Each structure stands twice: as structure tokens, then as C-alpha cells.
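Quick note, the sequences are listed as chains A, B, C and D, same order. Under my numbering, the letters of the first sequence match residues 9 to 348, in that order. Under my numbering, the letters of the second sequence match residues 45 to 362, in that order. Under my numbering, the letters of the third sequence match residues 1082 to 1443, in that order. Under my numbering, the letters of the fourth sequence match residues 548 to 1055, in that order.
Hints are computed from structural coordinates only; laboratory data are not their basis. Keep in mind that this is a model prediction, so the values were computed, not measured. Backbone N, C-alpha and C define an ideal beta-carbon position, used for all residues, glycine too. Heads up, a few of these hints could be off.
Stated by the list, open to error - DSSO-like cross-link-like pairs, simulated, lysine-lysine; straight-line CA separation at most 30 Å: (1) D:Lys746 - D:Lys728; (2) C:Lys1329 - D:Lys880; (3) D:Lys880 - D:Lys800; (4) D:Lys991 - D:Lys751; (5) C:Lys1328 - D:Lys880; (6) B:Lys346 - D:Lys812; (7) A:Lys124 - C:Lys1356.
To be verified - Quick list of simulated restraints, FRET-style, between CB atoms: (8) A:Lys317 - B:Thr162: 37 to 45 Å; (9) A:Ile284 - B:Thr162: 30 to 38 Å; (10) A:Glu51 - C:Phe1437: 52 to 60 Å; (11) A:Gly292 - B:Asn172: 27 to 35 Å.
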Amino acid sequence: SSDEPEVVEEEKGYEIGLVTDIGTIDDKSFNQGAWEGVVAYAEANGLTYQYYQPAAASTADYIEAITLAIEGGAKVVVTPGFMFAGAIYEAQTMYPEVNFILLDADPHTDDYSAFKIESNVYSIYYAEEQSGFLAGYAAVKDGMTNLGFMGGMAVPAVVRFGHGFVQGAELAAVELDVDVTIKYEYLNDFAPNDNHKVKALGWYSEGVEAIFVAAGGAGLSVMAAAEEADKKVIGVDVDQSNLSETVITSAMKGLTSSVELALTDLYAGNFKGGVIDTLDVTVGGVGLPADFSRFTTFTQADYDAIFAKLVSGEVVVVKDAASVNDLAVTKTTVTLIGAE
Amino acid sequence: MDTLLFLLKNMFPYMIPLTVVALGGMFSERSGIVNIALEGIMVFGASIGIFFMYFFPDLLPPQMMLIAALIVALISGAIFSLLHAYASVNLKANQVISGTALNLFATSFHVFVARIVTPNGVEGVKFNNVYRIPTVPFFSDIPILGPILFTNTYITTFIGFGILFISSYVLFKTRFGLRLRACGEHPQAADSVGINVNRMRYIGVLISGALAGMGGLILIVPSTVEYTGVVSGYGFLALAVLIFGQWRPSKIILAAAFFGLMQTISNSSGLNFFMSLGIPKYFYQIVPYVATLIVLTFTSKKSAAPKAAGEPYDPGKR
Amino acid sequence: MKKFILNENVQKILASLTAILIGFIFGFLILLFAASIKTQATNPIEGFITIITGGMRYNGIKGFGIILRYTTPVLLTGLSVGFAFKTGLFNIGAAGQFVMGGFTAAYIAIRWTFIPLEYLWIVALLGSIVVGGIWGMISGVLKAYRNVNEVISSIMLNYIGMITVSNLVFTIKDRFNPSRSQVPLSRIPTFGFDKIFGINTVDFGIFIAIAVAILIYVILEKTSFGYELKACGFNREAARYAGINDKKGIILSMTIAGALSGLGGALVYVSSITKVFDQSLVLQREGFDGISVALLGLSNPLGIIFSSFFISMLRNAGSSLSRAGFNDEVIRIMTSTIIYASAFSLLFRDKIHKFFSKKEVK
Amino acid sequence: MEYVIEMQGITKIFPGIIANDNIDLKVRKGEIHALLGENGAGKSTLMSVLFGLYKPEKGKIIINGEEVSIKNPNDANRYGIGMVHQHFKLVHNFTVLENVILGVESVKYGHLLMDEARKKVIELSQKYSLFIEPDALISDISVGMQQRVEILKMLYRENDLLIFDEPTAVLTPQEIDELMKIMKDLVAEGKTIIFITHKLNEIKAVADRVTILRKGKYVDTVDVSLSSKETLSELMVGRKVLLEVEKTAAQPKEIVLEVKHLVVKSKTHGKNKVNDVSFKLHRGEILCIAGIEGNGQTDLVYALTGLEKVSSGEIIYKGEDITHRSIRYRNLKGMAHIPEDRHKHGLVLDYNVAENLILQDYYTNKFQTKGFLKFKKIYENADELIERYDIRSGSGARSIARSMSGGNQQKAIVARELETHPDVLIAVQPTRGLDVGAIEYIHKILIEQRDKGKAILLVSLELSEVMSVSDRILVIYEGELVGQADPAVVSQQELGLYMSGSKREVLE
Ligand SMILES: Nc1ncnc2c1ncn2[C@@H]1O[C@H](COP(=O)(O)OP(=O)(O)OP(=O)(O)O)[C@@H](O)[C@H]1O
Ligand SMILES: Nc1ncnc2c1ncn2[C@@H]1O[C@H](COP(=O)(O)OP(=O)(O)OP(=O)(O)O)[C@@H](O)[C@H]1O
Ligand SMILES: [Mg+2]
Ligand SMILES: [Mg+2]
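Pulled out of the complex, with its shape left as it was, chain A reads as follows (with noise of 0.2 Å):
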């Protein structure tokens, strides 16, 4: 019965692949990211693409999506999202011949007991620690000291925004000597809706100035509430400031160009399989847009002071604290609302 299907992938199929997580290709965030630097490099090199959603979230789900991309022709696989940690272990013995982009993660199984990365996988993670770091430290230093933080749900790259996201703003609360406070709450959602306007409303109505909002499309209710208000957005992995007049920056992460960079080494012949890496400032990988006309006092060279100090590791952003309330912090005070 396997005859058949193989003559057909002959002819045709799709030769990047890119499986989806939970969500949509264009969910503003992970997926969407990537999808753009499949996009990107195919279309500029004249390759096929095609992106497959698996049937539900679960290790098996996301293999035998995988599956149906290789079937399907794929020699290389993207897959978005530390939920594949699992589900990338299986495959990459089990399909030696092709290549996998794992993002934010790195093959391990489900139950962390085994970590193994084999020659054809190249995990990349951010350090969205640094990008949330310099979010923060930019909004304090702009003058601000009512914040907020909405994460889209506590996965590890958005507790990592997070994080860093009130690092970056006790540092400028201590160079300015100014007390800090932000509220910081998991939505447990991505979507756009009503609930989260009405919560953004709501601490904008006390006081928030700004709220970095890491959570997919859920984002766009925290504009339409900023609109509202007449308060600020900080915008996150993309440049998001042509979705609102009140995004004044965004934490990014370089989903995309990354991506697209992993593809170009792929094909040049110089794929890094079996390289788990950590795209940081001193590569560029995360960092705020260059556009700062946003803020009010602070300037591309405030912005370039900092960063050069993230790349020379003179600021060290903590990455792995296991509560926001674990951060050492003294001039800022984080609200916490509901778990972490």
C-alpha cells in the first residue's frame, strides 16, 4: 500500500515544512515568526513550503504532523514552540535524513528524563530575558513608573520576557533613584477579546502608564484599551508599532531572520545540527526596533549604552529565577496577580 503515495511525493510536495503549535500561523507571536522566515527564504529561492497544523496538542499529534510533512516531501522541518521538546527527540532518530529548526527548545522527552540532540536538529532559543530587559529599562528611563506586564501564558520564553521585563526596569529605577511598580498577571490566553481590554482598562484607569503585553493577538485588546485610555502598549517578538498609534516600542525576538538565517546555512551546506543555541544581544537576536520616536526622553543612544552593556555581559540579566517574586529587586515593586 506504500507504493502509491511515494510516486506522487516524487512529483511534487513541499520542501520546507513548518508545523504549527497550538494556535494559528498568524498568531503574532511563535508561530507567525517563523512562518514569515519559512515564507521569506522559500519564496526569495524559489523552494515549495507548506505548513501543517496537527490534529490536537500532544507529542503524538505533533509526530505524526511531522510525519506528514516528510511524507509530504519535506528535507526540512520547522517546528515553533517548546511544547515539540518531545516530539523532535522521537523524530530525529526516526527521520536521520531530515533536518529540524526546534525553536525555544531543545529534544528532550516528555518527561525531562532524557535530553539528546542528534546531528540533524538546530535548536535555537532567545534570550528574551535581555528583549524584555530592554523594554523595561527603556520604559523607566522614559519616565515612566507605573507598569504593567501581561504575559500570554507562563511558557518559559514569555516568563522570560517577563522577567527580564522587571529587570530592565529596576535597573533604571535605581539609576534614577525612582520608586517602580508594576503589575504583572498571565492571561492564559491569546486571543483577542473583551476580558483583556477590560482588564487593561482597569489598570490603566490606576495608573498604569505602559503595559508590555506578551501574549499573541491578545495584544490587540491591550491597544484598543491603551487607545482608549490614552495610555501605552509595549509591543513584543515583532515590531509591532504599525498596529497602534500607542505601541512605543517592542521587546523582539528575531523569530523571523533567524529562521530565515538557519535555512540559508542549511542549504549553503553549513546546517548546525546538533547545536543548541542561544541568539542573544551579541548576535543580535533580540533587542527593541530602531525607531524610538515614541518615547519622550529616551534616545537611541540610551539604547545603545545599555545594549553595548548586555553584549559586554557588564549588566547580567538573570534568566532562570523561579518566581518574578525571586528576582532581587529593591526600587520596583512587582504586583503579582494570580500564579506564575
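Following the hints, put chains B, C and D with the ligands in place on chain A, whose structure we already have.
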């Protein structure tokens, strides 16, 4: 005080769409057709309304544009609901069947079309959200009501109240309303006095489709700038509000307000006042649902459900 | 032959098949339509083959196993909804019962280490039945004693369940490393299926589900208990008159419906695959799929065995459809068409009846 | 001869049964034309055809010499045909006024002009002395008043041909008299009436001519003044019927049921629905509770059978206090109940006949073992009862109860309750809506049971039934027992005085 004002103001985005959609459901159920497709019709109406905004962003000045889009949503909701009417009235099918089918269809339909019409083939359809009215001259200065109703408001709020008043007038003071109610209570009786039960039921479902379609857009517009074909269960909540509101406009608005207020409280756990109470967030999260259940426990003893709702009309049946 | 076709049950089946046929035709038209305007390469014929083979075109025997895996939970939520229908209740709360039951099972399978591993999964399943049952029972009690419409209470309980599990997730996760999911220590045995269908496919759960379906069928149609429950559903007053405790009947019906959905949850979260809970506030699709399954299966437990398999076939097809350049909303549109077409069932049956009884007269 | 309505060769077929088989009906202007037939003879079906509810397979309808097609009640209304259905077609949560005007409302731009309508309705009700309360909800008024509303509906529409389908089955004797008078008035006004009833007295009292149907077929049309009750019933049943109940004197034995100071409080108003009722029921007697509807009979029965909670007092059954026992407990102890409302309590309309026939004993070893139903036994049982009690329906034991004619539904209930071989049978209106043949049969059975030493508590509104069947009569008025009588000596007039509260005596 500020907290209270905040709560009162922000219950409107929940209350208005829930009211409008529940009123829609009321017309359908009062005519004898249970409409669990409210969710799907909301999705569909909002979808067509948003596509309209997407394709003709600058057709009209903002407020006119919103009204035009609402009309588009209303018409498309009504047309979509015809499918439900046909199955429930002509085919005498179990009314859950077509309701479920419509719910399933609407979101996939939106995604299907969105993938075709958007440049990158994505689900989210962007629209230009320029419909907020920051202040209304004079009205905004009225104490209490000004900030609650007339600042940062949307015309949809007033449309919602308009629909409420019209609905209760139509239902209780007109010939149409009397006949519609008769069809939902005792269709055989209505038939025996020469009322065309099937036609009334069609009209009931059509009104529900129109209001649900419009309600979908009313829900979506203030909360985002991009629509992905979901209304997050609000159609089902509207169904709950309809039951909670005992199928009467005056109680539906109260039920919607109650639910809206609870929902606002639920999302206000981060406000200083509520933080100071020291109650875990979990309790705020479940408050709208638990409070509704508790209130229902004490108010449901007498059910006011239209007697014949849910049963296909069969002239021979006693 | 004529007698066979004039049999009511045969006609019901024929009508359902007609609905499915209509759905397939409609699906094919959609594929053609989409193909005619899509820019990316698509192949409607291949897409259609994917659909009618339920995606097994690509994953073959393994696909069959995967379909059975999808079947397991929706067979149970379908039973839950269908059973309630049969007893005159509309259980729209399968999603909440499913998630509560599933979570309980996962919790037990992760945390109750004091139970020997070979029995742990069984205890987990029992736990899911209890908690799912309680979740359904709340609606039943509210209806029986306070006349609260079960539709509204179960909608509310869906949300309460969803939020509760979202908050409880930390109890089965490492609090200090939120990413660290914990997986069941003991799972439903694969029963050698992994040898036939490959790993991560079907396990003993499917047998449990089918056995439960047969059990429910027997209860409803063959026992005096089922007779009582249906009497309560059809005419509560008459049931009371006959000495049946109508309140108890309603409560039991909802409790059983809840238990079925709850067990459905367990069969996913303690299965041989790894599906972990996260905190996201999203209602589980299995709950709503249950409504479709019950409707397609005409609320008959045996019919539901087939309809759940059919819906799962489509689901597998949906995830493979990317291979032909399409997305799975095509499948969902098709499914909705099939369900809608089943509203024509009465009409079809009438036509079939007329067609064949005419022949008989001649 | 001029006919207002001529129905010619009407044939109406339902799955499995020809309800009307080539039936003719000719009605003269200004007459009261009775329609007589056994249960299931096809009377309601024929009238439903005339009223446009059913489409006949064959036949035509001629009105004032012109052939017409009546496709729906709207058409019927247009031809001046109005119908009072046995199961009233009234919207329970509408007011009287709303029900009367429904379908022919006075409006201005769609806005209801209720005041105008109210004036018209009140005028009408005064003209025909049909007393009503325009603003009362239907659910709050008595059956008699509901019927007046139905009549007003027809008058308000200025219908000329009025169909009454078993209008008297639910009325008290006083109300029946009233109705008879109204019918005569209406005819005097120039209206024409078709009157369906099983009660030959009523036919004799008001009808001019009568058409008889049997098993779906036309039998004859005769002048009432020229035929005796005996001939009519013979025409209808096809054999001689005993119109008088034959029975010997009762031989009461020991007390089996004793009620002491029973009180059932009302949830809505202060007055007790059943107030301090005490009586004793002996084996071997038929004790009748007589009274005008709405005087607490229903609640008394509910209390005795366990359907409603007792507020105070005691019910002693076979020496045991069962005041707070469950319904099932009472059934098991040998108490059976033929309920007043067959659709609400008596039947699960969606179950078939066989399933309905085991409603009281499905859980006994006769019909189940270890929780499993014995279907073979269940259908055997059904076939036997169908045979013995002459329960007619489209597909025998497998007919869905909903599809049966009212009379046959009643027979099924009676069969079921008697088959439990009760010690006490509480029978509420056991013959309501039944034809004379069936009534005869049921009365015979009641007496048979009595003679076997069973105790029967009969609740009836029908004075003739009360007088002929019972051995002892208690009269209930406003929840209290106000009189005791021996049917052999008491006169109908005297009973009437008790029932209307004009006379009362202190009991024991
Ligand atoms: N809609 C229907 N479907 C199937 N059978 C029907 C239907 N209506 C009537 N019948 C059958 O047709 C026959 C005639 O019924 P109909 O109600 O006309 O009798 P009836 O003379 O009014 O009897 P009753 O005195 O009991 O009221 C009955 O056997 C009944 O079961
Ligand atoms: N759903 C149904 N299916 C089949 N037959 C029906 C159905 N509903 C009503 N019928 C039949 O229609 C006939 C007309 O009904 P109608 O309400 O006039 O009752 P009826 O026979 O006069 O009742 P009753 O004897 O209780 O006074 C009934 O005889 C009944 O058999
Ligand atoms: Mg009749
Ligand atoms: Mg009758």
C-alpha cells in the same frame, strides 16, 4: 467610588452584545424555535461585517461606516439563519441539528474566506477601528452617567438600548408580538385561529439571525482590530442570558447587566480595591459563572420557557 | 429485501448515508472552488481522496490507529450527549465534564504514587468517572430540585471546569519550572496495538469506549433502569405517577452523562500518547464534537460508535489535507454540511419509504 | 332540502388505519346536529377535515351548495366554520381577552387596540350571558370558563357553523345545563351546530338530528325525536347496550383506607385546598367523592396517592400510616390510580402501548429479571390486554400512545391499573370521553372488583355515574366534606344542593 464607576462603565461591552443577541434568541424561542446557532450566527454576521469594513475601509465617515457594517452584519445574520429556519420549520428536524451545523460552519467559513482574500492567506482580517467616540459634547459632562455612558463609548451602546425598547414594544404591544408568542406557546391554537405558524416561526428565526449577526459585530468591534472568526462562546452565553432573563426583554437586560458586571469584576482582580481584599484570582475568574448559578438556583422555580419551543409544529399533535 | 428497506432502522441508516454523501459532494465542490482561486499549488482530486480515505491515504494502517485514537474520546462525549438526549436532557456541558474528568485522571496517574503502577491507570479512570459524574450531577441536582435549565447550568459549568483546571494545572506541574510538564506514571495499556498500528496510536481505551457504548445501549433499551430514565425524559409527571423518583432520574441521567464525558477525558490524558494540560482558557473541542457525534449517531449508542469513528476519520483527513494544499476548515465545512444534511433525514426516510412501498404495491 | 354543509365521501387514512371511510355528513341550517360513535369511530377526524386540520384522501365539502376546498383553519374561518376542540386550543399564559382576539385583532399600524377589543368582547359575553373575566390568565380559570372563552372565540369571529367536539366531558352538571342553554340560544340566533358527545341524554336534550359513525364508516342519520336512547346506542355499537348498571347491594367488609383530618395547604393562597377531610373506605364498596370540579378532589387524590405532600392529618392504609410514604410504596401495597389527566399523568405518550401497559409493574419479576426487561412477556401482556379491554389502535402493541384516540388511551390506562390487582382503586373520572359501550364495560369491571372485595374510591363529576355506580356518596365542597348520602335514597337535586355549598351536614 472610582472602582464602582469603572465597573459600571465596563460592563457595557459585555452587556450590550449579550442583550442584543439574547433578544434575538428571544424572538426565535418565543416563536417556538430553539436557536442554539446564536454563536454561529454571531460569528457569521461579524465575519461579513468585518469583510465589509476590510474591503471598503474608506467608503463612509467612521460612524456611518459602522452603521453600514452593522446593517451588513444584520442582513447576513438573517440570511444565514434561514438555514436554521428551513431545517427546523420545513423539515421539522431536531432543532439542535441545524444549530450545531451552523455553529460549526460559521468559523470555518470565515477562516476559509479569510485565507483566500487576505494577502498572506491568514485567518485574521484587519479592520480600521476608528469607531470609538471619546466624548459626546454636553452629555459627557453629566455626573456619573456622563463618564459611564457618554465617554469612550460606541454608538452600538445606544443601538443596543434602542433594540431593547423596540423589542419589548413589538413583543407585547403589537399584533405581530401577540401572534409570535402564541406560536411559541401553543402553535395548534395559533393555527386554529388562522395564524400561519410556519411563517411566524420563519420571522422569529430571521429576527434572531439579524440581531445575532449584528450582535456579533457589536461584540467584536470595540475589543480588537482584527477578527479571526471567533466570538469566544458569547453566543452560548447569550443563550444563558436568555434563559436567565426568563424570555422577557426587561429581565434579559437585567440578566445581561448582571452577567456583564460579574464579568467586569472577574477581570478587575488586579485593581487596588480588589487586591486589597486578598481573595485569590481563581475566585474572581469563576465569579460570573458561579454567581449566575447561584442566582438561578433561587429564581428558576417557575420556568417561563415558551411551552412549544423546541418542538416541530405538527398540526395533528394534541 | 423490501421488508429490509422498509425497516425503520434501515431507513435511518440509509438517510444518514445520504447525508454523508451530500456532505462529500459539497466538500468536493469546495475543494474545486478553493483550488480555482488559490495561488499555491493545490490538488483537489488528491484532496478528495484524502477526505474519503479519512487521511489513511497517507498514513495507512497507522492512520487507522490514529483514527481510533481520536475516536476514543469523542465516542464517550458523544455517548454522554446522546444518552442525555435519550432521557430528555440536553447536555451541552460535555466540555466541562471532559476536562474535569481528564484532569482528575491525570492527577491521579501522576501523583497517587502510593498505588501500584499496574493498577494506577485503572484508579485514574475511576477517578475521572467520579469527578465527571459529579460535574454532571451538579446540573442534574439544580434541575431536579431548583428547576434550573440544564443548558444554562452546564454552560456555566463548562467555564468553571475550564478555569478550575487552568488553575489546578500547577498541581501537576513543577511549580518552579512552569514548562516542566509531568506525565502519567501509569497509562492505559497499548494492548499490542503499537505493534500493529505503530506507537502513539490506539490503546486499550478504544475497547473501553466501545464496551461502554454497548453497556449504555443495553441500559437504555433493555433494562428497567433505562425504561425509568427514558420515562422521566419523555414525561416527568407520568414517571412520578408511576412511582419513579423523577428527581433521582434526572440526577442520575446527568450524572451518568457527566461520568461518560469524564471518562472520555481520562482516555485521552492517561492514554499511551502524551497530551499535557496547560493553563490556557479554552474549552475542549471534544465536548462540542460530542454534540455532532450524538446527532449523527441519532443518539443511539450503537450509532454513536460509527459516527464517532466517522468524525474522527474526517479529523485525520483534515490534518493531512495540507498535503494537497488545503486546510482543515474544508473538513469542518464538510462536517457541518453533513450534520445539516442529516436534518433532511425525515425527508429522505419519507422518500425512501415512498419509493419502495410504491414498488411493493405494484 | 337546503344544507349548510355537505361532506361527501370523505376518506382519511392514517398509517395503519382508515379513520374515515367514505363518510357523508349533511347538516341543515339552524339545527343542532349530533355526531355519535364509539371511541375511535372517526368523529374528531371528520371534524378536523372540515376544519382544515387534515387533508382527506378523498371526498368533497360543499358549503351552501358550492364545493369548497378547506386547506387550513383560516379557510374554515372564512367559510364561517368555528370549532371548540375537546382539548381546548387556548394559550395558557395569555389572558382571556388575548385568546379571544388572537388572529382577528383590532390594530392600528400593527399596534394592538386592546380597549376596543375589550369593549366588543364584553358586549358579546353579555349578549350570550357567557360570563368571563377578560384579564384573567387562562391558566388561572376553571375549565368551564375556558370553554366559554372558546365559544366566545367563535362568536367574536361571527362564525355560523359551530363545531363542539365533546364539550361536556369536562363540565360539571350545572355547566352542562348552562352549555345546553347557550347552544339552544345560538341556534335561535340562526347559527348551526355540530355536536359531538357520547352522552345520549345530551343528544336527546338538544340535538335535532344525529349522524352515527362506526369504525370509520357512516352508519345512519336519524331524527332524534324519533329514536330512543337504546336504538341510538345500538346503532353506534352494533349490539344492544345496557344503559343501566346492574348491580347488587354492596357488602362492605373491613376498613382498608382511613383518612383522618387531612389537610393540604395551598402554595398560592391562604385557603387550604383540602381541609380537615376524614373518611373511611371499606373493602367491597364503591365510595364516591362527588363535587363540582375544582373543589379539592384533585388535591385529595394527589394526597392519597402520594403525588402531593400532605400538610397535616393521617392516611391509614391497611392499618399502616402511609401519610409520608412514597408513591411507589403505595403502589406496591396495592393502591392503584386511574388519573384525572391522562396526558399529564396517565401515559408516556412517546412510549408505545406495550410500554405504557407496564408503567406500574415494569419493575416486578413479571416483566424483569435482574434489571433486564422481558420483552417477550411485555408484548404478550400487551396483546392480551388489548384483546381483553378492546384497545384499538393503528399498530397494536407497538402503536405509539400519542397516536391513539382519547377513548382508547383511557382504556389502556384502565386496563393497566386493574391488572395490578389492587386492594384500593382510586378512579378519577374513569369514563371521561368514553363511548357508552366502553363505559358499560368499565362500570361492569368496577362492580366486579368491588364484589371481589376490593375497595374503590371513585371521583366523578358525572352525576349519573355517581348515582348509578356508587354505594355511598361523599360530597366535597371547597376542600371539605359537606355531605354524605346513600345513592339509593338521595335525589340528584339534593346532591346538587350539597355540591353547590347550599346545604351541609356535620359528618360523623
Ligand atoms: N394523526 C393520526 N395518526 C394516526 N392515527 C390517527 C390520527 N388521528 C386519528 N387516528 C386514528 O384514527 C381513528 C379515529 O380517530 P378519531 O380521533 O377521529 O376518533 P373519535 O371518533 O374522535 O374517537 P373518540 O371518541 O375517542 O374521541 C383512531 O383509531 C385513531 O387512532
Ligand atoms: N401525534 C399524533 N399522532 C397520531 N395521531 C394523533 C396525534 N395527535 C393526535 N392524533 C389523533 O388525532 C385525533 C384528534 O385529536 P383530538 O384532539 O380531537 O382528540 P380526541 O380524539 O377528540 O380526544 P379525546 O378522546 O381525548 O377527547 C385523535 O383521535 C388522535 O388519535
Ligand atoms: Mg374524538
Ligand atoms: Mg375523544
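Against the structure, the hints:
1. Among the hinted pairs, Lys746 (chain D) with Lys728 (chain D) is consistent with the structure: their alpha-carbon atoms are about 16 Å apart, no more than 30 Å.
2. Distance check on the hinted pair: Lys1329 (chain C) and Lys880 (chain D) sit about 22 Å apart at the alpha-carbon level, within 30 Å; holds.
3. A C-alpha spacing of about 18 Å is found between Lys880 (chain D) and Lys800 (chain D), which places the hinted pair at or below 30 Å, so the restraint holds.
4. In summary, the hint linking Lys991 (chain D) to Lys751 (chain D) is supported, as the alpha carbons are separated by about 24 Å, within the 30 Å threshold.
5. Note on Lys1328 (chain C) and Lys880 (chain D): the hinted pairing holds, with a Cα-Cα distance of about 22 Å set against a maximum of 30 Å.
6. As the CA atoms of Lys346 (chain B) and Lys812 (chain D) are separated by approximately 19 Å, the hinted pair is consistent with the 30 Å bound.
7. Note on Lys124 (chain A) and Lys1356 (chain C): the hinted pairing holds, with a Cα-Cα distance of about 21 Å set against a maximum of 30 Å.
8. Checked against the hint of 37 to 45 Å, the C-beta distance between Lys317 (chain A) and Thr162 (chain B) comes to roughly 42 Å, which is consistent with it.
9. In this structure, Ile284 (chain A) and Thr162 (chain B) meet the distance hint of 30 to 38 Å, their C-beta atoms being roughly 35 Å apart.
10. The hinted range of 52 to 60 Å is satisfied by Glu51 (chain A) and Phe1437 (chain C), whose Cβ atoms lie roughly 59 Å apart.
11. For Gly292 (chain A) and Asn172 (chain B), the Cβ-Cβ distance of about 34 Å falls inside the hinted range of 27 to 35 Å, so the restraint holds.
Of the numbered hints stated above, none is contradicted by the structure.
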